[in-house]
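The two chains are supplied separately, each in an independent frame; assemble them into the complex guided by the hints.
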Amino acid sequence: MTVAASETTASLLPASPLAPAVIKAAPLALLLVVAYGVIPFIGDSYLFEAILLPFLALSLAGVGLNLLTGYAGQVSLGSAAFMAVGAFAAYNFHLRVEGLPLAVAILLGGVSAAAIGLIFGLPSLRLRGFYLAVSTLAAQFFVQWVLTKFSWFSNQSASGVIDAPPLTLFGLTFEGGAGRYLFALVVVTVLTFLAARLVQSETGRNFIAVRDNETAARIIGIPVLRTKLLAFALSSFIIGVAGALWAFAYLRTVEPAGFNLDRSFQILFIVIIGGLASLRGAFFGAALIVVFPLILSRLGSLLLGDVFDSGVLDMTQRIVLGALIILFLILEPDGLVALWDRLRRRLQPGSRPA
Amino acid sequence: MADFDWSFFTEVLVGGLLSGVMYSLVAIGFVLIYKTSGVLNFAQGALLLFAALTFVSLVERGLPFALAFLVTFAAMVLIGVAIERTVLRPLTNKPPITLFMATLGLSYIIEGAAQLLWGTQVHGLDLGIEDLPFDVAGVFVSQFDLFAAATAALMVALLSAFFRYSRIGLGFRAVADDPFAALAIGLRLPFIWASVWAAAGLVALVAGLLWGARLGVQFSLSLVVLKALPVLVLGGFDSILGAIVGGLLIGASEKLAEVYLGDLVGGGIEGWFAYVVALAFLLIRPAGLFGQKLVERV
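Chains as they are written, first to last, in numbering that gives the first Met the number 0: chain A, 0 to 353; chain B, 0 to 297.
Next up, chain B with everything else stripped away, as it sits in the complex (with noise of 0.2 Å):
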């Protein structure tokens, strides 16, 4: 180890750290609905996918940016909306895992209806960021990755002031520690968790669009769900903070595992590692980093 390339060791940590806020971003939309409703939305990758190819279509028929994010975000409420009355309403106080299943049919329906509506294709989504590579004190970082941080960064400390100076905010967190003596003071349930799936659908179409600049808007954009499980398992599901440091650690090992050990097996296992790190933990913390408590019975 003497001749350890620490540069090029930083270089792959940073890229790794900065990849990791991209999982943390779909994370973070998973940690929202968990919190208000208990519920571990499969669907939040479908959501992602359905904003994303929304995004895309709405430019390509000569919408301005602005004009389209405002369209789908309208579209990302509606569907919040409407996932309130027709699923989470009727399936009220069944057991989480019952949720859960039907929020797997709920990926399904919208992955469905979104390429039924907007076609198959592969999209190339230009935010007008270039993904060029510059150096900061001698390790080269991708301005599009910083711009991501940025963006997530924005977002979070949007979202923690929301929860901590905004009525609506104040609702949401009385809702996640207490659902029946939220109702018994007269909080609208229906209100609040169209209002966590609205804002559970502003994330994925940020991080919808984050990721469909990097991958190209395609079915494959819903599969981003499974790299912000093993983030959310190991961070906790119900903590944003969790999310986040999740998403950096896991973003890192990754990539330093496929840079140092791939090629002792192979390559290729990045499909895989990021759940080996998040069980491993989990035997010696099953709560996650920053979780709550533990989950309770099935």
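Bound-form chain A, shown alone (with noise of 0.2 Å):
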């Protein structure tokens, strides 16, 4: 897949020659006081719980899902599944594991969606392009079915549904709305900054080469088989951390069914809006994904009333979301992150137009 503007070229763009790198943090230290400092004394519980806790735990799946695809080219139908297995893997350590700090256990269950992730990442040694990404399917079915037949997985409760632990960190409780966000916030934080260094490191600069031609990165001597699985392990383990934060800290109850083909497809769907090989993409993509359904909803019954019930909606929802996706792949390719970035641009004086 070819695609134009990285994250990179973006980002050099409107530094003019005298702005320091002082300037060029200066937006993201902003958002990170208001993130921490300001949201979660003013924020209701409406926004924590039906917004800004589901839009942590899909934007860090879509940044995990853009390094796999964004970066490295390898398109992945299955991200549902790898979330469910960090899901249900992070609950089952912490259950069976006596004193296991649930952060570990979180970690433990991103690191077992990595495994299951470098498995199903096999094929693409060998498979390209549309052959791949039918075989990651392959993953999105096997995992849910082992999920909802074997029931030790979900401590053998009738339904299949799993209670989420009280959230701990460093001898911490993380409590209601405020506390949970906070949690997710934490981690959604550290881990993509950790994504951020890597794909400036060597490993992320192969993933683009093996993505842009893999021929000529072989040439180089870019390892391009180990490259390929690097990618799908180090993208599952964030999905798989994705969803453990999706089950612990938004749903708090989580069954399989929670993580079918639909949600696989959410994750692509905001990776593509987002804009693909930009983190920051995935954030843009996620906030859309989780707030344009509330705006129409409200849009829905102020317009057309007692017309529009669930159903309609969730129908309206369907056919709007399709188009955005046609609409973005036609107009923006390069996603809302390279929407962002223009209007920036032109709203900052002295720097050229691109």
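Treat the hints with care, as some may be off.
[Stated by the list, open to error] Computed spacing ranges between beta-carbons, pair by pair:
no., chain 1, residue 1, chain 2, residue 2, range
1, B, 118, A, 41, 41 to 47 Å
2, B, 189, A, 45, 46 to 52 Å
3, B, 145, A, 149, 34 to 40 Å
4, A, 45, B, 218, 29 to 35 Å
[To be verified] Covered, in the sense of this in silico footprint (three residues per stretch, anywhere, with C-beta under 8 Å from a C-beta of chain B), are these stretches of chain A:
no., stretch
5, 119-133
6, 318-332
It is worth saying that the hints were derived from the structure and are not from the lab. Built from N, CA and C at the ideal position, the CB exists for glycine as well.
Shown next as structure tokens:
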């Protein structure tokens, strides 16, 4: 897949010769201050439960898939399966290992997802393009089947539904909407930071090389097979942790059916709409995916009244989402993040028009 | 294995082969589009749902069978043309995987529109063929399955003849061989694409009616695309013959595995078994059974 503007070129453009790294980092610092210092105190439970928690979990999943699809160019339709592995593995580690801190359990959940991701990444050594995309569907169906079939994974719960343990980190317990938001925020911040470091490292450049031209990458000595498998493992790790967040911080109870094919598509859509090969893009995409159904439902009931029931809403949502995907692919293949950068460049005085 | 029940085995095998024909029917729709425009059209399942739902709703409103069929076919042609205009044309020369994602979006739109238009309730569909088992040399075969197999055979024969002898069909093949050369000699690519989508719409309509008669016409009908994908992987995305042989292989192995291995792991393996078969096969032969060439870079 050829993605024209990679993260590095996009962030280099607005920097004028005078702008030191401090100015470039300022918006991010401001964002973090607001996210950590302001929102937990002013947000109400609706904001946390309905918007911010799913947003954080999906953003992280988007970051994970972006490593694989955006940077390394391997399309996966099985993201929800890796989320499920992360959630259920973390749950079982926490349940069955006495005294294991929750953070470690979640980490191990991610590691389990990475292991499963590695296995289902093996076909990528021989398959490309559509054949690979279809083969990742195998992960989706197989994992869902295993988790529903063997009740050991859900601690013999008859319905397959698991209840999340309390969220503790370094002896602190995170309760309530704001608490769980902070917990998720810490995890997402740390992993996104690590992912950002990764894509700028040699490994990240190897990913891009493999995506852009596999043969050329091999000629200049990049271990293509190892790079692909590494991309699958790292991406699955992050997606697995995102699954644990989705289960523990957002829903608090989780069943295998929640990690279905639609969820996998949702995460792929986040990456496409937000912007391929851009970590910021995952956050933009997730924000849109989480917020637009809420807006649509408000708008629909405002304009159409009772005609706009939940069935109609559901269908309208599908249509609008599908249309958005196609529109972005046609008009802005680099996603929301490219729109955002263009807007910022226009607002910034003195910078050259791109 | 001394008392292996051969007649039971044959019955399972034949049942599997016939249900494989149903998979092939869906897969052929994919192959048509893939051959001419290089797109793995994920929306084929949504088209199938749309066709079946439209047909059933028209029949329920009192239209005679043949007229409903014609009207639905006309609707599918319109949709095909609309897709060519609004989605494929702006995305010409984009990487195949981009087009694939566009058809994913397309499938959301068509599924949503079909159900917004005709409602979400389950419709029964009676094609007038009774699903009675009857006896062929000691093996019980479903009459409906035989009818489906005959329909599939007829359709493949028609499509092959069309591709071989008609002018438009030749155009299809020219485009499939080399779109640029086809353009250079003056073939109208938009027209060819639109007619290929219309043909895929017809296949979707026939497959939708058969699957709808079997499962009831409802949302889950669009999920048969997930059954067709391993068939395509096995048979190769660009071969009608591959779609048929792949469908038969997948159908048979799936049924046999369900009956003979399913109990060992607690059943319910039909959701993923086909994928495992296809994957195992691909590791040996990455282009599928009859695939022309390896799909190049993503």
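Against the structure, the hints:
{"no.": "1", "hint": "118/B - 41/A: 41 to 47 Å", "in the structure": "holds (43 Å)"}
{"no.": "2", "hint": "189/B - 45/A: 46 to 52 Å", "in the structure": "holds (49 Å)"}
{"no.": "3", "hint": "145/B - 149/A: 34 to 40 Å", "in the structure": "holds (38 Å)"}
{"no.": "4", "hint": "45/A - 218/B: 29 to 35 Å", "in the structure": "holds (30 Å)"}
{"no.": "5", "hint": "119-133", "in the structure": "holds (count 10)"}
{"no.": "6", "hint": "318-332", "in the structure": "holds (count 10)"}
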